[in-house]
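Peer 1: One letter stands for each residue in the lines below.
Number of protein chains: 2
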Amino acid sequence: MAFDVDRVLAGDLRAAAALMRALDDELPGAHEALREIYPHGGRAFVVGITGSPGVGKSTLVDALITAIRARGERVAVVAIDPTSPFSGGALLGDRVRMQRHATDDGVFIRSLATRGQQGGLSRSTSAAVAVLDAAGFPVIFVETVGAGQAEVDVADATDAVVVVTAPGLGDEVQALKAGLLEIADVLIVNKGDREGADRALADLTNMLALGARAAPALLRTVASSGEGVAEVVAALQALRGRPIAERDARRRRQAARQVLAIAGERARDRARAAIGSENAPGPLAAIIQDVAARTLDPWSAADALSKV
Amino acid sequence: MAFDVDRVLAGDLRAAAALMRALDDELPGAHEALREIYPHGGRAFVVGITGSPGVGKSTLVDALITAIRARGERVAVVAIDPTSPFSGGALLGDRVRMQRHATDDGVFIRSLATRGQQGGLSRSTSAAVAVLDAAGFPVIFVETVGAGQAEVDVADATDAVVVVTAPGLGDEVQALKAGLLEIADVLIVNKGDREGADRALADLTNMLALGARAAPALLRTVASSGEGVAEVVAALQALRGRPIAERDARRRRQAARQVLAIAGERARDRARAAIGSENAPGPLAAIIQDVAARTLDPWSAADALSKV
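The listed protein sequences derive, respectively, from chains A and B.
If you read the first sequence in numbering that gives the first Met the number 0, its first letter stands for residue 0, the second for the next number, and so on.
If you read the second sequence in numbering that gives the first Met the number 0, its first letter stands for residue 0, the second for the next number, and so on.
Bear in mind the hints are in silico, worked out from the structure with no lab data behind them.
Honestly, I wouldn't trust all of these hints.
Claimed, not checked - Chain B stretches covered by chain A per the calculated footprint, using a threshold of three residues with CB under 8 Å from any CB of chain A:
hint	segment
1	244-252
2	291-301
Claimed, not checked - Between beta-carbon pairs, the in silico distance windows are:
hint	chain 1	residue 1	chain 2	residue 2	range
3	A	R198	B	A233	38 to 44 Å
4	A	A233	B	D24	44 to 50 Å
5	B	R246	A	R198	46 to 52 Å
6	A	A69	B	L207	43 to 49 Å
7	A	P27	B	V232	52 to 58 Å
8	B	P137	A	P38	53 to 59 Å
9	A	P137	B	P137	56 to 62 Å
What the hints assert, rightly or not - Residues of chain B placed beyond 12 Å of chain A at every Cβ, according to the derived structure:
hint	residue
10	A101
11	T102
12	A208
Glycine is no exception: its CB is placed at the ideal position from the N, C-alpha and C atoms.
All chains should be built: construct the whole structure from the sequences, respecting the hints.
Peer 2: Here it is as structure tokens:
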């Protein structure tokens, strides 16, 4: 199947959406089209929005869309939803709230399911961002749900990271923040009208003071009412105005990590093909039987598979 | 370096700990020792404990250790800590609480840092479980912090999964539970004395009634006081008593996923060596420069690296 690369590059949303769907479904020709448009990207300001479940990320993104549209800029959102590896269904949660922008041609929202795959962020997200970038969106948000690996990955795929927290999420969440603080360019205490918000802001101020690197902007928002959102937009504009050399240095560091992630995914794909499935065993299916029977260890099995 | 495989197999904790440290540090000879002990494992009952941050997993594991020790069985814990990819430090949180078992020779606790690597659970965790299994621990807990991928991975590395929730963690957390429900063999509402616990139990009962598969045991605990912990132990014993054929079928399904994960990690390692670092560029370092300059797309770059 041939994709209309020229229409994607001209900013045609239908063509861009068709290509993203085809990439998700791994249709023939989709990847060739992605490679063709890739060199035309690199102009978008890509912003990661991350934080623990329940802090109000989607509500904040929704408010940011409104603010950016008011400035007249187009904006795209790639929202990563954790899915069950069994049902394959996405857990949209309050993502639906953003749908009020559905009739605005200047807003494009793409939900991606991670499908329980390792490095789920790198594969589909990088591809979707590359398409939206090539299609000319000047601002692209990448919203990730959940704590852990995805939050770290998002720093590898974006020009700036907004870390969102909220008061009253427990001590362990506080501890997790230490890792997030290190990737944050903007740090937000959302639900800033709730009990504990002052305390959270004070705690974060103290933690930031201890950090070795330049402190991120620390802001209070009430995303549901729009309070503080203008300040977030201003902080993002300041980051967007950083020298190109600085942005490029970050992108160079990211390139290696991205390529490594893809190399790992490709190897898994090849090994999966060699193993096959229960109903359609591949040429090396017997290796898995040996591992299950403990006559072969999984590390030797992986070595054997990578020689395919 | 040669490791005393016989001492590990005889249950010597120092030898087991030395091997696990060596595996973590990728010392020469460590992996050969792991391959040698692997066929001697497979006897342990391996239980994953997972759930969102702040639900009290560590407190629950601590209470379970006490209950299992009271029955006279030895127990090991592999606790996975999310770490910053920058500082490399583990975020122990209330993990330290478990240290009251530190003087008990029948308890072995190993904290593993994920180091921000993709599929972090599969590499170090599988190795640590294989060592503890070969060393004769009849019960091994694998505790994972955080939502998302790690929670799915844990079902691939264990014989049974305990999913822990707590009241009052917000709607998004509720949504996330749908994915977790599918991997749960035992489902616990911890902090069961708090406001909202009855509601959480009722909600979960309703969600489970809608599920296609056999419902997990649903239990209420107050891990900090020990309330309900005996019932959790009883539920685990029931799972442990499942027919061997059932357990083996699960392990066969897991073998394929584990081998695929290792194959992916190996490919990343090889690609990383080919790229090298900024200070010590590898033979294919130029590929990353091309990706950063957008004269090469990252997918073609990964293909080039996998031909090394």
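Peer 1: All hints are to be evaluated individually against the structure, with a verdict given for each.
Peer 2: Consistency of the hints with the structure:
no.: 1; hint: 244-252; verdict: holds (count 3)
no.: 2; hint: 291-301; verdict: holds (count 9)
no.: 3; hint: A/R198 x B/A233: 38 to 44 Å; verdict: holds (41 Å)
no.: 4; hint: A/A233 x B/D24: 44 to 50 Å; verdict: holds (46 Å)
no.: 5; hint: B/R246 x A/R198: 46 to 52 Å; verdict: holds (48 Å)
no.: 6; hint: A/A69 x B/L207: 43 to 49 Å; verdict: holds (45 Å)
no.: 7; hint: A/P27 x B/V232: 52 to 58 Å; verdict: holds (53 Å)
no.: 8; hint: B/P137 x A/P38: 53 to 59 Å; verdict: holds (58 Å)
no.: 9; hint: A/P137 x B/P137: 56 to 62 Å; verdict: holds (60 Å)
no.: 10; hint: A101; verdict: holds (21 Å)
no.: 11; hint: T102; verdict: holds (26 Å)
no.: 12; hint: A208; verdict: holds (16 Å)
Consistency with the previously given hints is maintained throughout, with no hint failing.
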